[in-house]
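S.K.: Sequence:
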Amino acid sequence: MLESYLVAHCAPTLANLKTASLFRCPCPGPGELERWRQELGHKGIELTVLRCDGTHVLVYVYRPARLRADLCRPGAGSILRPYGYTGTDPEAALHRLRQRLADGGDFPHEIGVFLGYPLGDVAGFIRHGGKNCRCMGCWKVYCNECEARRTFARLKKCSEVYGRLWRQGRTVSQLTVAA
1 MLESYLVAHC
11 APTLANLKTA
21 SLFRCPCPGP
31 GELERWRQEL
41 GHKGIELTVL
51 RCDGTHVLVY
61 VYRPARLRAD
71 LCRPGAGSIL
81 RPYGYTGTDP
91 EAALHRLRQR
101 LADGGDFPHE
111 IGVFLGYPLG
121 DVAGFIRHGG
131 KNCRCMGCWK
141 VYCNECEARR
151 TFARLKKCSE
161 VYGRLWRQGR
171 TVSQLTVAA
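Note that this note's numbering numbers the sequence shown so that position 147 is 147, with each residue one more than the last.
Treat the hints as calculated values from the structure; they're not laboratory data. A hint or two may mislead.
Cβ-Cβ distance ranges computed for the label pairs, FRET-style [said to hold, decoys possible]: (1) R134 / L17: 14 to 24 Å; (2) R81 / C143: 16 to 26 Å; (3) T171 / G104: 33 to 43 Å; (4) A8 / E91: 26 to 36 Å; (5) R98 / E32: 11 to 21 Å; (6) C143 / E32: 18 to 28 Å; (7) R149 / E39: 26 to 36 Å.
Okay, derived cross-link-like pairs now, DSSO-like style, lysine-lysine, Cα gap no bigger than 30 Å in a straight line [claimed, not checked]: (8) K131 / K157; (9) K157 / K43; (10) K131 / K156; (11) K43 / K156.
Glycine included, every Cβ here is placed at the ideal spot set by N, Cα and C.
Using the sequences and the accompanying hints, generate a full structural model.
M.R.: This is the structure we're talking about:
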């Protein structure tokens, strides 16, 4: 079951074009998540559940090395600190993100940092409450519209190609670029 979600929602991450992807799906069967961790781990991909409501899970698929670099970007700390993040360690940051998701309330908008979005756009989204963006694609854009549109086109093309190749019989493992 997870295979179709990985292809549909994570192609740019599998292709190493993006730090991470996120999707919600019905709770996987016993051992299914671990099976994908084993299969993709040697290619530099991790899968973790950020939230489980008993019937569905929120799965975060990411490249740990890229996440570590994203958390160390200048400006990332100033976005994350007000929400209780205390450093740049990915495991500690993911632990805090899980807490924020479990708290209920609004969805934690700082999640854009964890998805590799441009920090100016993450900060703009938070500052403007998701309103008054310049354009929308994979995220709402507040800063560099031209660059964002190019990125959106590249990510869309990747998803289309991966979907087509998967339907033609390629496996998720074959489609995943090793880092």
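S.K.: Hint by hint, say whether it matches the structure.
M.R.: Right, here's what the structure says about each hint:
| no. | hint | in the structure |
| --- | --- | --- |
| 1 | R134 / L17: 14 to 24 Å | holds, 22 Å |
| 2 | R81 / C143: 16 to 26 Å | holds, 20 Å |
| 3 | T171 / G104: 33 to 43 Å | holds, 38 Å |
| 4 | A8 / E91: 26 to 36 Å | holds, 27 Å |
| 5 | R98 / E32: 11 to 21 Å | holds, 20 Å |
| 6 | C143 / E32: 18 to 28 Å | violated, 39 Å |
| 7 | R149 / E39: 26 to 36 Å | holds, 34 Å |
| 8 | K131 / K157 | holds, 27 Å |
| 9 | K157 / K43 | holds, 22 Å |
| 10 | K131 / K156 | holds, 23 Å |
| 11 | K43 / K156 | holds, 22 Å |
Of the hints listed earlier, the one the structure fails to meet is number 6.
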